[in-house]
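K.L.:
Here are the chains, one letter per residue:
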Amino acid sequence: MTTPLGKDLVGLEHLSRAQIQLLLDTAEPFKEISERAIKKVPTLRGKTIVNLFFEASTRTRVSFEFAEKRLSADTVNVAASGSSVSKGETLVDTARNLEAMRIDMVVIRHGSSGAARFLGERIESNVINAGDGTHEHPTQGLLDMLTLRDNLRRLDGIRVCICGDVLHSRVARSNIWGLRTMGAEVAVCGPRSLLPSAIGEMGVTVFDRIEQAIEWADALNILRLQLERMSAGYIPSLREYNRVFGVTLERLDRAPRELLILHPGPMNRGVEIDSNVADGPHSVILDQVTNGVAVRMAVLYLLAGGRADLAEAAQRAGDDR
Amino acid sequence: MSAPRPVLLAGGRIVDPSQQLDAIGDVLVEDGKVTRAGGKIAGPEGARRVDCSGKVVSPGFVDVHCHLREPGREDVETIASGARAAAAGGFTAVCAMPNTDPVTDNQAAVGFIIRQAQLAGAARVYPIGAISVGQRGEAMAEMGEMIGAGAVAVSDDGKPVVSAHLMRTTLEYARNFGIPVADHCEEPTLAAGGAMNEGIVSARLGLKGIPGEAEEIMVIRDILLARLTGGHVHLCHMSTRGSVELIRWGKDRGINVTAEVCPHHLHLTEEAVGQYNTNAKMNPPLRTAADVEALQQAVKDGTIDVIATDHAPHHYDEKEREFADAPNGIVGLETALAVVNTALVASRIISVHDLVNRMSVLPARIFHLPGGTLRAGAPADVTVFDPAEAWTVDATRFRTKGRNSPWSGRELTGRVHLTLVRGAVAHELAG
Amino acid sequence: MPNQPTVVLDAKAMERTLRRMADEILELADGSDDLAIVGIQRRGVQLADRLVALLKARDGVTVPRGALDITLYRDDLQTVGPRPVVGKTELDFDIEGRHIVIVDDVLYTGRTVRAALDELADFGRPSRIALAVLIDRGGRELPIHPDIVGKKVDVSASDRVDVHVNEIDQRDAVTVVRKEGA
Chain F
0 MTTPLGKDLV
10 GLEHLSRAQI
20 QLLLDTAEPF
30 KEISERAIKK
40 VPTLRGKTIV
50 NLFFEASTRT
60 RVSFEFAEKR
70 LSADTVNVAA
80 SGSSVSKGET
90 LVDTARNLEA
100 MRIDMVVIRH
110 GSSGAARFLG
120 ERIESNVINA
130 GDGTHEHPTQ
140 GLLDMLTLRD
150 NLRRLDGIRV
160 CICGDVLHSR
170 VARSNIWGLR
180 TMGAEVAVCG
190 PRSLLPSAIG
200 EMGVTVFDRI
210 EQAIEWADAL
220 NILRLQLERM
230 SAGYIPSLRE
240 YNRVFGVTLE
250 RLDRAPRELL
260 ILHPGPMNRG
270 VEIDSNVADG
280 PHSVILDQVT
290 NGVAVRMAVL
300 YLLAGGRADL
310 AEAAQRAGDD
320 R
Chain A
0 MSAPRPVLLA
10 GGRIVDPSQQ
20 LDAIGDVLVE
30 DGKVTRAGGK
40 IAGPEGARRV
50 DCSGKVVSPG
60 FVDVHCHLRE
70 PGREDVETIA
80 SGARAAAAGG
90 FTAVCAMPNT
100 DPVTDNQAAV
110 GFIIRQAQLA
120 GAARVYPIGA
130 ISVGQRGEAM
140 AEMGEMIGAG
150 AVAVSDDGKP
160 VVSAHLMRTT
170 LEYARNFGIP
180 VADHCEEPTL
190 AAGGAMNEGI
200 VSARLGLKGI
210 PGEAEEIMVI
220 RDILLARLTG
230 GHVHLCHMST
240 RGSVELIRWG
250 KDRGINVTAE
260 VCPHHLHLTE
270 EAVGQYNTNA
280 KMNPPLRTAA
290 DVEALQQAVK
300 DGTIDVIATD
310 HAPHHYDEKE
320 REFADAPNGI
330 VGLETALAVV
340 NTALVASRII
350 SVHDLVNRMS
360 VLPARIFHLP
370 GGTLRAGAPA
380 DVTVFDPAEA
390 WTVDATRFRT
400 KGRNSPWSGR
410 ELTGRVHLTL
420 VRGAVAHELA
430 G
Chain P
0 MPNQPTVVLD
10 AKAMERTLRR
20 MADEILELAD
30 GSDDLAIVGI
40 QRRGVQLADR
50 LVALLKARDG
60 VTVPRGALDI
70 TLYRDDLQTV
80 GPRPVVGKTE
90 LDFDIEGRHI
100 VIVDDVLYTG
110 RTVRAALDEL
120 ADFGRPSRIA
130 LAVLIDRGGR
140 ELPIHPDIVG
150 KKVDVSASDR
160 VDVHVNEIDQ
170 RDAVTVVRKE
180 GA
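These protein sequences, in sequence, are chains F, A and P.
Here numbering that gives the first Met the number 0 is used: position 197 in the first sequence is 196, and no number is missing along the way.
Here numbering that gives the first Met the number 0 is used: position 111 in the second sequence is 110, and no number is missing along the way.
Here numbering that gives the first Met the number 0 is used: position 163 in the third sequence is 162, and no number is missing along the way.
These aren't lab readings, by the way, just hints derived from the structure by calculation.
For every residue, glycine included, the Cβ atom is placed at its ideal position computed from N, Cα and C.
Hints are not guaranteed to be accurate.
Said to hold, decoys possible - Below, simulated PhoX-like cross-link-like pairs (lysine-lysine); rule was C-alpha separation at most 25 Å, straight line:
(1) P:87 - F:39
(2) P:150 - F:68
(3) P:87 - F:46
(4) P:87 - F:30
(5) F:30 - F:46
(6) F:38 - P:87
Stated by the list, open to error - Derived DEER-like restraints, expressed as beta-carbon distance ranges:
(7) A:171 - F:230: 36 to 44 Å
(8) F:235 - A:391: 35 to 43 Å
(9) P:5 - F:5: 39 to 47 Å
(10) P:137 - F:13: 28 to 36 Å
(11) F:17 - P:32: 47 to 55 Å
Can you make the complete structure from the sequences, with help from the hints?
P.N.:
Written out as structure tokens, the structure is:
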């Protein structure tokens, strides 16, 4: 363990409560840096970070890039198209080549579950998972939790319902593990054809109707519905999805308490979420985006720390007191 | 081939279920045949005497399901390297599945495998012909010609026979030749894109799962088609509790169905996938503890007839990648005895006698192969193993070219010491 | 076992020292116009609060108080690893053109002050920056000198100087723990 988080951040499933707490607490002061006129601190000066994106993702990549640049790291973006990856190079070769260029960290987005761990096990640099297949998207889970904590002032005991295509969602998994570790109650609601068949063993409540979820929850985290689920035979139509599972103002009006609305984006307005909900007073969707940068700065900062043995030696020497 | 020197296997525990033999005694091998088994034998002049005390002497193991990759992927395995790996695992005969490149779907291809096996001179290799031309699941391949050239069964293994019609006509046609039709049971639309068992582990890892029902739907279809046709259906690599129940249902009704299970499905669960270990990826996938227990019981009570390896070597590069993209399969010839012995015999679920029955006697009988017995006059295909010896698996020392074993580094109990094929030493453990 | 700490400033002496420092700050800044006091996390912030309160009691002026957490500006992240939790930087006023007095509890190598100067520069361009410390223990590794010093103490590199403040430590005192056997 080189840092309080270990070498890599591949998911929230195996993080302890203390580790998640540390990540969220560390993100707090980073929020303020983004409010400054000069939005930059020298913390990661001289560190090289590669953003290795095998899947297109504007918002996650931009968020990581802002986080890296605000910490003064040097960043390189590698997208799968136009790189040797598209020429058939394997992930392990790509990784070894990057490592041979003496980089410090890799942020990886990949279509295969387990790709981030695969990379982390094979290279010395720190690896941060920016979404691997349908496995995890830990920084999204963290920013969702930070947003929930900002608005509800705690995570312990809050009720969060994750709505939609849980089966194919890495965001759902990171939220389920992270929130449960932090003591929240977690439910899911969506078409049964889009829930894992083992959902009953994941420690969550299942609601068949969105109305039940709205009655129960303090917050809804509404997942994006990938439009190809329809042609793949999981659901009949987008129209029906909106009718049965869509989060509408009408449905929210019947909620017994104020509900927070989260969405990892990008949204399909009029499908899983109506525009007047997304833009309405319950929505904290833009807070999520702001918090995303702070959370990613915290992850980078905590993973960038030096060697534990040197740290102890320095502390023994009395620091600067 | 000149006749090898006579061998006297002395003082071992002779276990031969084909003649209900389980006693300490000697076995004499001359001119490639067993001449006597049991009792005290005075070795003839010039015979090599092998001290087998503390070990089991049994008819050689027979694997009705392995992939030797030749022709097409000689970088991964050849018939020669596969035959040597088989002998090292105590197998005196193996059946090679036809999913080679090109597919073994004609008599010339069958003849090629038989010639390569003769050149290799280790374990015997029997070809299995394809059910359909190119394993495309459409036109039936020339079964009669292939059997004439030496094929012992037909199968499209690697792929299921999707068309119920083709499965029906194949079972009917195979009756003319008295051979089993081996099917890889997998309903393709349910299994599509799956990388492991569907359950809590696949949900956690975010991997697409393959439900047990994908196998079971085809198991019951094949059993019903065997009932319809009177043909002999042999169900490959059974992996679920549900399949066991369906086979039991079929056998209770006298339907001509036999079934095999692989050592890994008797020993490992989906938990072995751990954090995306591609050496625990195979098709059908590792299932749950309840499935493993049901399969173990099915081996004990005979619902499952035989144990087969599904030995499937891959190049290390191919396994060194993202889990979903890694190929299915593990090597199994050199660990089969140890895994079955560890999972079933050491844990007292079955006896050594049962193990020999399901790894030697019954596979030979079901596929109508020579071997599987130590009766006087039978070919001298003999295995000597120590069921109590613990050893640590080291994949780098395998005879197979494949290194893709989930047991590498693990300690198992039960080790093959000597393998005789046609009376000649095909494998002997050093020291 | 480390040696018992010796008290170099007790609560009364600390109060007197701070009062004198407040006077010197006013003198140095030539009045309180444009003056702002910025404490370095953690105990520098409490000392800055005391100085602001003393200035108000003395001259009735309200001097803005800021706080700097220099963790992210340290030059030794590689070797010491991240501090578990980063503190808050609060500068609720525009530092442009102001006369800033940085306040810290102990001045030692000077690296903390260097980081604080870097951080301040990212917020704007003050007309002047001064440094006030309660304790100067020597041992500088950078060309940094305090403008106002509460007390100089002569200690060796292995000795530890601890400033205790009521708000955090439930008492006011400055102590020195000498190295064993010294």
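K.L.:
Please flag the earlier hints that this structure goes against, numbers listed from lowest up.
P.N.:
2, 8 and 10
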